[in-house]
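Asker: Sequence:
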Amino acid sequence: MKHFAVVQHSYSEFLGTIESQFEKRDIGFSYFRVFLSNELPGNALTFDALFLLGGPMSPLESGKYAWLNQELHTIAMFRKAKRPVVGFGLGALLLAQYEGAELHLAPYHNAYFTTAHATEAGRDDPLAQAVDGAQVMVWSPGTATLPEGMTPLVVDDAGRWIAFRPEEGAVGLLFRPEMKPGLIEDILMEEDRDTPGNIGELLEQARVLWPEMQKTTDRVVVALVRELALMTEQRKPRVFALKMDTGDDA
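Under UniProt numbering, the first residue of the sequence shown is numbered 1, with each subsequent residue one higher.
Hints in this document: simulated from the structure, not taken from any laboratory.
Hints should not be assumed to be uniformly reliable.
Unchecked claim - Computed cross-link-like contacts, SDA-like style, restricted to lysine to any residue with a CA-CA straight-line distance of at most 20 Å:
hint, residue 1, residue 2
1, Lys-236, His-3
2, Lys-80, Gly-100
3, Lys-236, Thr-46
4, Lys-180, Gln-214
5, Lys-80, Glu-99
6, Lys-80, Pro-41
7, Lys-82, Ile-27
8, Lys-82, Glu-23
9, Lys-180, His-3
10, Lys-80, Pro-196
11, Lys-236, Phe-29
12, Lys-2, Ala-229
13, Lys-2, Asn-38
14, Lys-80, Glu-191
15, Lys-180, Pro-196
16, Lys-180, Glu-212
17, Lys-180, Ser-20
18, Lys-180, Glu-23
19, Lys-64, Gln-8
20, Lys-236, Gly-42
21, Lys-64, Glu-191
22, Lys-82, Met-1
Let the sequences and hints guide you as you build the complete structure.
Answerer: Spelled out as structure tokens, the structure:
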């Protein structure tokens, strides 16, 4: 059975609407709630892919959240093992950081709705074409300037990147296909959570756009499955059962 590792950075931000999409495809997943336990996948070979979810902290705040640096090692481990890596929001910034991007704290709450525009680099890309012309919600703790020569797949209305593919088998999305109105409501209720000043507007827009957002998420998942071969089960180490020697044969 296909099984994904999913790194969760806050109580409220999980796979959301994508969970049911994975379940329909008989894909299992394990959450690693690093913000609670500092736990991250120890071996990339036991999983078929790595998903890095959104979160409220910037990758530049590793002094406060030491496990952010460990996530970079986790990305390296999965890339070395040739396992797909997908990042949403904070996860996309971590992937960009791993690829050598310059990170910026401002705007700390980089959250807004925009129309997605496929670039020339995304002309034949399944993911870029899946969202081209659609309204999407961008939400990330800060921004990143991609390394020279790395062309984005999708940009927003202002021409800023919101999706990139650094290499085969890895994709970073500043827009959030897993988001739904209920998830935003949970973020609002999360204790001590610093939220964007326009979160009420985001919630209202999400409610209005929800039917279209669901269709966009469906297309994004199909594109990711196709682009990253997520339905292909990777070779995993065999598990051997140990037989205890009780001495009964003596």
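Asker: For the pair we were handed, Lys-80 and Glu-191, check the Cα-Cα distance against 20 Å.
Answerer: violated, 38 Å
Asker: Below or equal to 20 Å on CA atoms is what counts here, so check Lys-2 against Asn-38.
Answerer: With a Cα-Cα distance of about 24 Å, the restraint between Lys-2 and Asn-38 is violated, given a limit of 20 Å.
Asker: Measure nothing beyond the straight line between the CA atoms of Lys-80 and Pro-196; if it is 20 Å or shorter, mark the hint as holding.
Answerer: Distance of about 36 Å is beyond 20 Å: violated.
Asker: Lys-82 and Ile-27 were given as a pair; does the straight-line alpha-carbon distance stay at or below 20 Å?
Answerer: holds, 18 Å
Asker: Can the restraint linking Lys-236 and His-3 be considered satisfied, given a maximum Cα separation of 20 Å?
Answerer: holds, 10 Å
Asker: Can the restraint linking Lys-80 and Gly-100 be considered satisfied, given a maximum Cα separation of 20 Å?
Answerer: OK: Lys-80 and Gly-100 at ~17 Å, within 20 Å.
Asker: Next pair to validate is Lys-236 with Gly-42; report whether the Cα-Cα distance is within 20 Å.
Answerer: Satisfied, since the Cα-Cα distance of roughly 14 Å is no more than 20 Å.
Asker: Are Lys-236 and Thr-46 close enough, with their CA atoms no more than 20 Å apart?
Answerer: Roughly 5 Å separates the two Cα atoms, so the pair holds.
Asker: Taking 20 Å as the top limit, are the C-alpha atoms of Lys-180 and His-3 close enough?
Answerer: Roughly 24 Å separates the two Cα atoms, so the pair is violated.
Asker: Would the hint linking Lys-180 and Gln-214 be met if the CA-CA limit is 20 Å?
Answerer: holds, 8 Å
Asker: If you draw a straight line from the CA of Lys-82 to the CA of Met-1, is it 20 Å or shorter?
Answerer: This hinted pair holds, its Cα atoms lying about 18 Å apart.
Asker: For the pair supplied as a hint, Lys-82 and Glu-23, is the alpha-carbon distance within the 20 Å limit?
Answerer: Not OK: Lys-82 and Glu-23 at ~23 Å, beyond 20 Å, violated.
Checked against the numbered hints given earlier, this structure breaks hints 8, 9, 10, 13 and 14; the rest are met.
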